[in-house]
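Undergrad: Sequence:
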Amino acid sequence: MSTTRQIPRQEWTRYFDELTRRFFKDGNPEAATVEVISPDLGDQVAADFVRALGVAYDPRNEVLEVLLDGVDHLVYHPREVWVVEEDNGFVSTLEIVRDDDTREVVRFRSVGIVPRPDAAG
Numbered sequence: 000m001s002t003t004r005q006i007p008r009q010e011w012t013r014y015f016d017e018l019t020r021r022f023f024k025d026g027n028p029e030a031a032t033v034e035v036i037s038p039d040l041g042d043q044v045a046a047d048f049v050r051a052l053g054v055a056y057d058p059r060n061e062v063l064e065v066l067l068d069g070v071d072h073l074v075y076h077p078r079e080v081w082v083v084e085e086d087n088g089f090v091s092t093l094e095i096v097r098d099d100d101t102r103e104v105v106r107f108r109s110v111g112i113v114p115r116p117d118a119a120g
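Residue numbers (numbering that gives the first Met the number 0): 0 to 120.
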């Protein structure tokens with residue numbers, strides 16, 4: 000069962016550092032789809048099924064960065080961050096609300112199999 004919750008701004012840096020360490024640096028590849036939903040421009044897909052490398056927040060520059068293979072998706076001055084967490088803590092959906100009410104929805108999914116430690120390579 001999944002849980003939707005808002006992440007308080009003061010926790011963004013720690014939360015995304017831990018998420019990246021726990022799920023994106025474990026050798027099991029994840030993919031991301033990034034959709035931008037703008038009141039003025041409608042829905043746009045910014046990235047589709049791209050390997051995800053992590054998420055980071057820089058409080059000094061107020062930028063949330065979705066680290067993707069070959070390109071990073073930057074969100075400047077986010078106002079709110081919501082996540083859908085699975086039972087194991089994996090974030091399947093990240094929703095970022097910008098000051099102009101544009102929403103950036105990032106959907107993550109695991110796409111690989113972790114090799115067994117004893118597997119010959």
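Calculated directly from the structure, the hints in this document are not laboratory data. Glycine is no exception: its CB is placed at the ideal position from the N, C-alpha and C atoms. Do not rely on the hints blindly, as some may be mistaken.
Stated by the list, open to error - Quick list of the computed label-pair ranges, beta carbon to beta carbon:
| id | residue 1 | residue 2 | range |
| --- | --- | --- | --- |
| 1 | D39 | T2 | 13 to 23 Å |
| 2 | Q5 | Y75 | 32 to 42 Å |
| 3 | N87 | G41 | 17 to 27 Å |
| 4 | D39 | E79 | 10 to 20 Å |
| 5 | R78 | L40 | 16 to 26 Å |
Undergrad: Tell me the numbers of any earlier hints that the structure contravenes, in ascending order.
TA: 1, 2, 3
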